[in-house]
Amino acid sequence: MKKAKTYRVAPVENIPPGGKLIFDMDGISVGVFHIKDKFCAIRNLCPHMGAPLCKGKLIDYITSNRPGEYSVEREGEILRCPWHGWEFDLLTGKALVEADRWRTKTYEVTVEEAPSVETFRVEESQGWIVIDK
782 MKKAKTYRVA
792 PVENIPPGGK
802 LIFDMDGISV
812 GVFHIKDKFC
822 AIRNLCPHMG
832 APLCKGKLID
842 YITSNRPGEY
852 SVEREGEILR
862 CPWHGWEFDL
872 LTGKALVEAD
882 RWRTKTYEVT
892 VEEAPSVETF
902 RVEESQGWIV
912 IDK
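In this text, residue positions in the sequence shown follow the numbering used here: the first is 782, and each later residue adds one.
Hints are computed from structural coordinates only; laboratory data are not their basis. Be aware that a few hints might be false.
Unchecked claim - Here are the computed lysine-lysine pairs in the DSS-like style, where the Cα-Cα straight-line distance is at most 30 Å:
#	residue 1	residue 2
1	K819	K875
2	K886	K819
3	K875	K838
4	K886	K817
5	K817	K836
6	K817	K786
7	K819	K786
8	K836	K819
9	K838	K819
10	K875	K786
11	K886	K875
12	K817	K838
13	K838	K786
14	K786	K886
15	K875	K817
16	K886	K836
17	K886	K838
18	K836	K875
19	K836	K786
Unchecked claim - Cβ pair distances, simulated, as ranges:
#	residue 1	residue 2	range
20	N846	K886	30 to 40 Å
21	N795	P848	35 to 45 Å
22	D807	S845	34 to 44 Å
23	P848	D805	16 to 26 Å
24	R861	F804	15 to 25 Å
25	I843	E879	15 to 25 Å
26	I843	D805	27 to 37 Å
27	G831	R855	23 to 33 Å
28	P863	R902	41 to 51 Å
29	A785	P848	41 to 51 Å
30	I843	E894	31 to 41 Å
31	G831	E794	29 to 39 Å
32	L802	E854	23 to 33 Å
33	S845	E899	51 to 61 Å
We treat Cβ as the ideally placed atom computed from N, Cα and C, and that holds for glycine.
Assemble the whole structure, with the sequences as input and the hints as a guide.
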């Protein structure tokens with residue numbers, strides 16, 4: 782079985798709560814969203830007509846049991862396509878209408894410790910950059 786490739790996207794602080802970052806993953810455009818205390822990744826492609834899905838608006842899931850009453854659920858976890866308004870669940874990639882037929886790919890996201898980086902003292906010496914190792 783082929784092991785999945787890992788992609789380092791960005792430092793956590795680059796995507797504040799409610800924010801997003803769209804990046805290229807070997808030719809596939811993917812959006813990473815910071816929703817409440819978790820990160821979600823979804824393909825930046827609406828299955829309806831190929832719109833850049835991640836450029837759409839994050840909305841809440843609203844339900845109603847009777848006229849005049851409503852309940853707000855899953856705040857900011859629904860992504861509305863910018864072209865035709867189709868709505869997708871960020872966690873599953875499924876459309877809110879005809880979920881068994883319409884979906885877009887989601888990706889597992891983990892947060893890891895920042896890698897340690899070896900540093901060197903650098904100075905300029907008569908037009909040359911010099912690194913002391």
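Verification of the hints:
A distance of roughly 18 Å separates the Cα atoms of K819 and K875; the hinted pair therefore holds under the 30 Å criterion. Among the hinted pairs, K886 with K819 is consistent with the structure: their alpha-carbon atoms are about 18 Å apart, no more than 30 Å. At most 30 Å may separate the alpha-carbon atoms for a hinted pair to count; K875 and K838 meet this at roughly 16 Å. Among the hinted pairs, K886 with K817 is consistent with the structure: their alpha-carbon atoms are about 21 Å apart, no more than 30 Å.
At roughly 19 Å between alpha-carbon atoms, K817 and K836 fall within 30 Å of each other, so this suggested pair holds. Distance restraint check for K817 and K786: the Cα-Cα separation of roughly 26 Å lies within the 30 Å cut-off, and the hinted pair is therefore satisfied. Restraint check for K819 and K786: the C-alpha separation of about 21 Å stays at or below 30 Å, so the hint holds. Taking the CA atoms of K836 and K819, the gap is about 19 Å. The hint holds against a cut of 30 Å.
A distance of roughly 18 Å separates the Cα atoms of K838 and K819; the hinted pair therefore holds under the 30 Å criterion. Restraint check for K875 and K786: satisfied, since their Cα atoms lie roughly 24 Å apart, inside the 30 Å limit. Proximity of K886 to K875 is assessed by CA-CA distance (about 9 Å); at most 30 Å being required, the pair is judged to hold. Simply put, K817 and K838 have alpha-carbon atoms about 16 Å apart, close enough for the 30 Å limit, and the pair holds.
For a cut-off of 30 Å, the pair hint linking K838 to K786 stands: about 29 Å separates their Cα positions. Restraint check: the Cα-Cα separation between K786 and K886 comes to about 16 Å, which is no more than 30 Å; the hinted pair holds. For the hint linking K875 to K817, the alpha-carbon distance of about 20 Å falls within 30 Å, and the restraint holds. Distance hint between K886 and K836 is fulfilled; the C-alpha atoms sit about 16 Å from each other, no more than 30 Å.
Restraint check for K886 and K838: the C-alpha separation of about 18 Å stays at or below 30 Å, so the hint holds. For the proposed pair K836 and K875, the alpha carbon gap of about 17 Å is at most 30 Å, so the pair holds. Of the supplied pair hints, the one linking K836 and K786 holds, its CA atoms being roughly 25 Å apart against a limit of 30 Å. For N846 and K886, the hinted distance range of 30 to 40 Å is satisfied, since their beta carbons lie about 33 Å from each other.
Between N795 and P848 the CB atoms are about 44 Å apart, so this pair conforms to the stated range of 35 to 45 Å. Range check, D807 to S845: Cβ separation about 43 Å, and the 34 to 44 Å hint holds. Taking the beta carbon of each, P848 and D805 are about 46 Å apart, not inside 16 to 26 Å as hinted. At roughly 21 Å, the beta-carbon separation of R861 and F804 lies within the given 15 to 25 Å, and the hint holds.
Distance hint check: the CB atoms of I843 and E879 are about 19 Å apart, consistent with the given range 15 to 25 Å. Range check, I843 to D805: about 33 Å between beta-carbon atoms, so the 27 to 37 Å window is met. Restraint check, G831 to R855: a C-beta distance of roughly 26 Å satisfies the suggested window 23 to 33 Å. Our hint of 41 to 51 Å for P863 and R902 holds, since their Cβ atoms are close to 48 Å apart.
In this structure the hint that A785 and P848 lie 41 to 51 Å apart at CB holds, the actual value being about 47 Å. Evaluation of the 31 to 41 Å hint for I843 and E894 yields a pass: the beta carbon distance comes to about 38 Å. Against the hinted window of 29 to 39 Å, the Cβ-Cβ separation of G831 and E794 comes to about 32 Å, which satisfies the hint. A beta carbon spacing of about 26 Å between L802 and E854 agrees with the range 23 to 33 Å that was offered as a hint.
Under the hint 51 to 61 Å, the C-beta atoms of S845 and E899, about 58 Å apart, fit the expected range.
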